[in-house]
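Novice: What follows is the residue order along each chain.
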Amino acid sequence: MASSAPQFHSTPFTLSIFLKRFGLLLVYALLGLGLSLLSDRFLTGANQINILRQATISGIVAIGMTLVILTAGIDLSVGSILALSAVITADLLKQGMPVVLAILIALGVGALMGMVNGLMIARGKIPPFIATLGMLTVGRGLTLMYTQGKPFTGLPDTFRFIGTGSIGAIPMPIVIAAALFIFVTVVLTRTRFGEYIYLIGDNPLAARLAGINTNRMIVFVYMISGMCSALAGLILIARLDSAQPVIGVGYEFSAIAAVVVGGTSFSGGEGTLFGTLLGTLLIETLSNGLNLLNVSQLWEQVIKGVVIALALLFYNAINRSSK
Amino acid sequence: MADQTYRLELKNITKSFPGVLAVQDVTLSAYPGEILALAGENGAGKSTLMNILSGAFTADAGMILLDGQEVKISSPRRAQELGIAMIHQELALIPQMTVAQNIFLGREPLFAAGTLVNTKIMQTEAQRILNQLGLDFAVTALISDLSIAQRQMVEIAKAISIKSRVIILDEPTSALTERESGKLFGLMRSLREQGVTLIYISHRMEEIFDLSDRLAVMRDGQLVGVAATKELNVNSVVQMMVGRELKEFFPKAETQRGEVALEVHHLRSGTHLKDATFTLFKGEIVGLAGLVGSGRTEIARVLFGADQNEGGEIRVAGAVAHIHSPQEAIRLGIGLVTEDRKAQGLFLGQSVRSNASVSLFERLSRFGFLLYGQIDQWMRGAIQQLNIRTANLEQRVGSLSGGNQQKVVIARWLALNPKILILDEPTRGIDVSSKAEIYNLMSELAAKGMAILMISSELPEILGVSDRILVMREGRLMAEFSRAEATQDRIMQAATGQLLNAGGNS
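First to last, the sequence lines map onto chains A and B. According to my numbering, the stretch in the first sequence is residues 1 to 323, in order. According to my numbering, the stretch in the second sequence is residues 324 to 829, in order.
None of these hints come from the bench; they were simulated from the model. Be a bit skeptical, because a hint or two may be false.
[Stated by the list, open to error] Here are the simulated EDC-like pairs of lysine to aspartate or glutamate, each with C-alpha atoms no more than 20 Å apart in a straight line:
id, chain 1, residue 1, chain 2, residue 2
1, B, Lys665, A, Glu270
2, A, Lys125, B, Asp630
3, B, Lys443, B, Asp459
With the rest of the complex left out, here is chain B (with noise of 0.2 Å):
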């Protein structure tokens, strides 16, 4: 590759923030028609330089060159002339407009300058571009009609249609699932094909292998390393990006099932579950696998009191449990960390304290009068054993980076102290270390004789945390699979009701 000439060339980039150098003196190329991988932990900067190549952020020092060509990139929309497009890992569509007006959004092919939008035009361009790429939703679906992972295809869309050179994706997997992921992943290739740059930022190590050609390790704002993806282990990967070498990823630590802590018999509610009956013991933890919309979440949601339960029997340890409120299931020991931390699980406007400690409120205040004193005290200890990282107990929550997020979340249900915990993709969006440290307290909880009920769309995950593996299939619980039985294969073939290939045409 050494005498092709360079696509993208960021040459001495650096950005400071107050008080944070985020991104130093980092040069970085990438040629046409490959993928180069961008990996590093939360806060490692790789976000911010991806900003920058996308206009959203201007360097503090440090030139762009594209084509070989020095290029100013001063705005998103200057970005996107030069054939550079971001997309985010929030998405950044209209939910109540169709596929084709979103593509062209800003940009609507009209009858004549200044009048009105020629939809017919409109259309018909947007249905080429999903040809193209293979897409079979209709041009004037609504968005808020299509999955996540549609979404994400219709985003790509958008980029291919103002010509992109070069894509970058911020954690696009980071919420489909492994099918609609291995759908975009072939989309992402095929750009390849055409000569089209992808840098593709992600936590996920399979993923990185299976499809980068180069990667990229940044850590604490500096670039560490830069290699051809198959040179590399996910040892060495890891190493770099957290400088020093994990104990274990999954610590998996032996441990004893005790009684029986929840017991659910033919458990209903709305469309999505139809029938689960399963049991959960202290001191286990149980992974729940299934694609998205396969009625996971529903589960979580019922024995949280969030939902209705329409028919079926829980019993809590061996007492029948009526639970038609969060503050019943509370009660009864049960927590959530839910899906979806910023909409369901954190106040993202207020402090890092109020976040954490709402759930001792009850208990910690006399005559309503909180007593700040014990749920500061309580508060340095949750802080210590989680290792959150926050600049004290008064910053905003939504200034903590997703892992530190989550851990505050998690904390918020330490503090109760619960016999049934549920963790709903407790690991979603989140950093390498901070993964791992999340596995190692569920292992520690359950060892202390917690029962650990956790959703996961990550397959790796669910295998290398549960002691026993679940697997739902449109909303009933089809399969269970021991620790031992359970393989990658077994559980997707569960979960999707059809026998794989050896290579696994999901």
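Bound conformation, chain A alone (with noise of 0.2 Å):
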């Protein structure tokens, strides 16, 4: 056969290209310029760490809805299993359960409700959507039965430190995100794993015969998706200091449109998680300008809503204009 070595070029660089890896970053500085110049309180450092901060609890969440959604699943659970695990924590702790363990007990309920979840789709063949949904239930009715109705408040101050507490200037619920965001950046991009997600986002059967097993995969990107929502309800009943029964009712809504608004496609196989970082930040960059400009409530949801809708209509003529 041919003898030559291969001769490698790079693809023309063009203009949907261009918009594709940083159409996003632009209309994300577009919307800071705006806000700065609408309000002179938004660029403050103040409120810059605030924004940081409320991205934090629906930003882990969507670091483990990017890796579902990257295997073309989706987990509507992500709420349920974030309160049940708090309250489960809340009381661990309130009974005087040692902080690291009543962490660890968290993050594996978390981890076995996604299994659970995983189990279903890999093994029960069940759709994504409805065994989530059935998750979803399922954890609110376990949450409001262990709680009776009722909150837990009033937790220790070493467990509060995750949520209230800061390195430096920087809040601890910042760093925590911070490092999970690297580790598993680190992991969709340099492992083995991390290439499996893809693949099998992209053609779960093509996956499976060339030997990937692909069962195994996907129950642990559930687990993984579990334990994200398990840590964000820890970060989140430190800060608030209080586990409420109906805590986190929606997130799978806030995660979803972040990851979506980052660009990664429903169809699984593409998709970034930096992308899910800027989504993040974008949605709540717009809700705290919409505050600060005292727009209300209502009319917050419904420019959220316009903002993923348009974020995909982009997508879907940046997609089409470049094949």
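Assembling the complex is the task here: the two chains are given apart, and the hints tell you how they should meet.
Specialist: Put into structure tokens, the structure is as follows:
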């Protein structure tokens, strides 16, 4: 066969490729510019830290959600997993369990619920939407049963550090979220597991025939999503000093919104964690800005919905032009 | 034919895409009532040219004349109105709807404007067209219940129903058995009698010579020649296509048959595979022939652990093997290049690197971290060895040509250096030089001691490549021929269970 060494050349850099890669960053910059012109409080350090702190909870949930959506799945149960693991942890802490052990148990509960999701999807062949919708109801029901409808309040200070403490000037929630973001980015881009996630999302049948243990990978991915939810719940109750039985309701929406705005494709195999980070920040910045401008809560909902729809139209337009 | 007027004239058609001049100054004409074959390697510009004709693309320059009138074909809908229909490789029918519904899709007869569909008229009209074409399936049958060949016939019926004057067929036989192809050709010939112009894109030389009146060959976006088919021969055409002479199309090196690599006794699975017993030796290429649905693909799937083995014994290198998953098969040194590379082989949205090296991820990683340096080093070697044409390792595999995509899948298995390699329709829908390269490679691998099982519906390929030929019929292994014994007629006879006449009325 041919004997010359392969000559590689780079693909031409077109406008659609530029928009695909930097479009979201551009939108984020424009939004920031607009808000800083409209409100002189927006660009202050305190407000920016505030945005980041707000973004940590939904951001951590969105990290797990990104992995799930990359496999062409969906996890609607994140809010319920967050709630059940949070109330169990709060109860255990109040009974005097050591903080580290209680945190591990919370993560364990999240992992276990994620594993049930994963097994239903991978082994039971139940569509992810249905399987996790079931877990959403079951988790919320168990949370209400566990708490008898009453909140746990008054958590130990050592535990509250993860929600209210800070390292230097940086609040703990931001430190934790940033560390998790970097860790999962490395996993997605540098490891075998990360590659498998993209391949399974792209074509599960081909993945199985290429020798990938697809069932096991899918169970892992839902376990990670469950653990991310549990972690977000811990930070949330540490900050609020209270675990309400209705905590985390609707979190699946903000997480999915962040992932989708961040450019991850619902059909799987395409997307980045950096996109999800931008998506999360964009949505939080939008809320923050609308707050600063005294726009009503009701309009905020409408505007967020419109932004998500616009983001999807934008990606569709880019994808069409780059094919 | 010179005094006849042209049905279709393409004049100086040019079309470029970013970075590629896909069609360059092509002038080509076709008569009414002729079958014009269009040949060329993948990427030669055949499909682009035909897409311009059918309105999917607009030409940058040049003009198109239909029955002497200049026409502007701005959209597929306009092409339809002008009576130009294109039947694509990937069929565009809706599986959940009936034959009649598909034929009249978007043009359903209504009771009155803006009201409900008049199903009765639609079905009567569809039936009339099926009768005209001599097709015997029901107009109320669901597309999903039809074979690929029958679906193609529905596409043709659809083209007839819009009174097409020009019908373009893009590799219509790539998914058909010989018998089904025969039927399609019959239909094409009768359309020719009715004065329809048929433009027929194919990679299969035999069919081109059997069927076409004239042959046009494209290379690198240009038309390199048009001639009456009977004045050409396979060698001259292949030479025109690739621009050089191919050494030998089926390079069969003499190989030394080694030890037993695989033994299979009474293999059974599902409804399609009832009983297969055979042995595979190291260093030989065994061709597995049979009609589609005869259980060939099922043998591959069971051996690879993709389907359950329901009784029957598999021995790999003498030891009994229980293969429950592709991972176990891979561990035993078995590789499978699947039949449908887009659905089962490739990750179309992912890079060439990921697609080719996925099989190496276990081996070339440390603590789960991929060793990209080693992976890329291996990739460069594989790209060179298999002559894969890709811009770089990041390129999406979906944007490669069919032949290069297939080489990427093959590279994936070669990475593991398997003892047994199963290839299911390895050259379906790929260009001639890629075909020749794949045959060469198989021959080289066998010479190095690999046992190769090749499933194919193309008899010339089976005869040209195999050391030994197995034939399946209705889920059972019916016959085995040595290379010397095998002929097309003997294989067809075993595959169909019928004695063939000299003419071969299969």
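Novice: Give a verdict on every hint.
Specialist: Hints versus structure:
Restraint check: the Cα-Cα separation between B:Lys665 and A:Glu270 comes to about 17 Å, which is no more than 20 Å; the hinted pair holds. For the hint linking A:Lys125 to B:Asp630, the alpha-carbon distance of about 17 Å falls within 20 Å, and the restraint holds. A C-alpha spacing of about 19 Å is found between B:Lys443 and B:Asp459, which places the hinted pair at or below 20 Å, so the restraint holds.
Hint check: no violations occur; every hint is consistent with the structure.
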